[in-house]
Amino acid sequence: MKKIYVILFFLLCAGMLAAKPKNALRDNARGAKGRVTIDYFAADSVKNTGIAVIVCPGGSYSWHDMKTEGTGVCQWLQSEGINAYLLKYRVATVAAYITGFRVLGVGNKYPDMLEDVEDALAYVYSHAAEEGGDNDMIGVMGFSAGGHLAMSSYVYNRTVYKPAFICSVYPVVTMSDKQLTHRRSRRGALGVWGQWNDMMRDSLSLEKHITSDCPPVFLVNCQDDPIVKYENSELLDSALTAMAVEHKYIQYKTGGHGFGASEVKGTNECRQWKTEFMKWILNLRQQKK
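Position one of the sequence shown corresponds to residue 0 (numbering that gives the first Met the number 0), numbered consecutively onward.
Everything labelled a hint here was simulated from the structure, so no lab data went into it.
Please note: incorrect hints may appear among the correct ones.
Unchecked claim - Label pairs and their calculated CB-CB ranges:
#1 SER211 - LYS278: 22 to 28 angstroms
#2 ASP43 - ASN134: 19 to 25 angstroms
#3 ASN282 - MET198: 36 to 42 angstroms
#4 THR274 - MET242: 24 to 30 angstroms
#5 ASP197 - PRO110: 14 to 20 angstroms
#6 GLU129 - THR240: 37 to 43 angstroms
#7 GLU130 - LYS207: 31 to 37 angstroms
#8 ASN282 - ARG157: 18 to 24 angstroms
#9 THR253 - ALA121: 35 to 41 angstroms
To be verified - The list that follows gives simulated cross-link-like pairs (lysine-lysine, DSS-like), each with its CA atoms no further than 25 angstroms apart:
#10 LYS228 - LYS207
#11 LYS278 - LYS46
#12 LYS207 - LYS161
#13 LYS264 - LYS252
#14 LYS228 - LYS46
#15 LYS264 - LYS161
#16 LYS207 - LYS247
#17 LYS247 - LYS161
#18 LYS247 - LYS264
#19 LYS247 - LYS288
#20 LYS287 - LYS273
#21 LYS288 - LYS66
#22 LYS287 - LYS66
#23 LYS273 - LYS252
#24 LYS228 - LYS273
#25 LYS264 - LYS287
#26 LYS264 - LYS228
#27 LYS273 - LYS288
#28 LYS177 - LYS288
#29 LYS247 - LYS273
#30 LYS273 - LYS66
#31 LYS161 - LYS177
#32 LYS287 - LYS46
#33 LYS161 - LYS278
#34 LYS161 - LYS273
#35 LYS161 - LYS252
#36 LYS288 - LYS46
#37 LYS288 - LYS278
#38 LYS287 - LYS247
#39 LYS177 - LYS228
#40 LYS247 - LYS228
Beta carbons are placed, not taken as given, at the ideal position from N, Cα and C, and that holds for glycine.
Work out the full structure: start from the sequences and follow the hints.
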């Protein structure tokens with residue numbers, strides 16, 4: 000009887016380990032062991048579209064909204080037949096933001112989070128085939144500050160692993176416009192002193208660095224956004240248009256900020272973005288076949 004209990008115990012442990020999300024980057028991220036993770040949400044094998052998306056939750060580059068803009072988003076993508084990878088990238092942390100202790104040079108800031116999304120892309124490209132994905136359809140989706148990071152994954156990417164598409168939802172865009180900049184995100188990204196450096200502000204203002212080889216972009220936000228001024232997305236839309244980059248921009252009148260893939264947050268109007276995204280991404284998938 001003891002043997003049976005021992006065997007059952009080890010089988011239970013093995014099952015629990017298998018059920019845990021895969022933390023692919025926990026030991027691999029540059030200089031960030033244990034602090035950077037990527038949890039894998041496998042698409043249903045029957046519905047698998049071959050599309051893979053790295054999800055970057057928002058949080059002013061100081062924390063992560065891991066529920067509404069993280070796990071909830073990945074579970075929705077998973078249900079739509081998309082392999083989702085939830086990236087917990089390095090941020091300043093709430094304590095650093097509140098206390099300003101980074102005056103002493105301590106804490107995460109750019110390019111730390113950029114390195115993390117670069118590493119995530121490298122991982123997904125290396126494992127896409129074995130996880131039922133297609134290397135032609137690996138993209139990055141982000142929300143708020145994570146939307147800035149999603150665009151950064153191409154605009155500032157210094158590796159060979161580039162996203163095939165980008166989805167940016169109510170994103171932070173400019174770091175230099177005095178009227179439109181989301182200052183909390185700028186401080187989180189650039190640090191206590193860096194936030195006042197004009198060259199650094201300009202270097203991370205997405206609207207100033209869009210190139211014609213940017214991959215297709217899906218962009219969405221709301222006019223009544225009380226956190227990140229809606230004109231941020233208009234700046235990005237204009238820059239993409241000027242460079243003739245394939246993109247779809249949807250601006251809803253209502254919905255606010257921070258609704259992610261929630262079925263209760265925001266409004267009925269803004270929650271339509273998920274349906275519109277699926278139409279857009281499946282059409283893009285068809286184009287690439």
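- Message: Are any of the numbered hints broken by this structure? If so, which, sorted upward?
- Response: The structure conflicts with hints 8, 14, 15, 21, 22, 25, 28, 31, 35, although it agrees with all the remaining ones.
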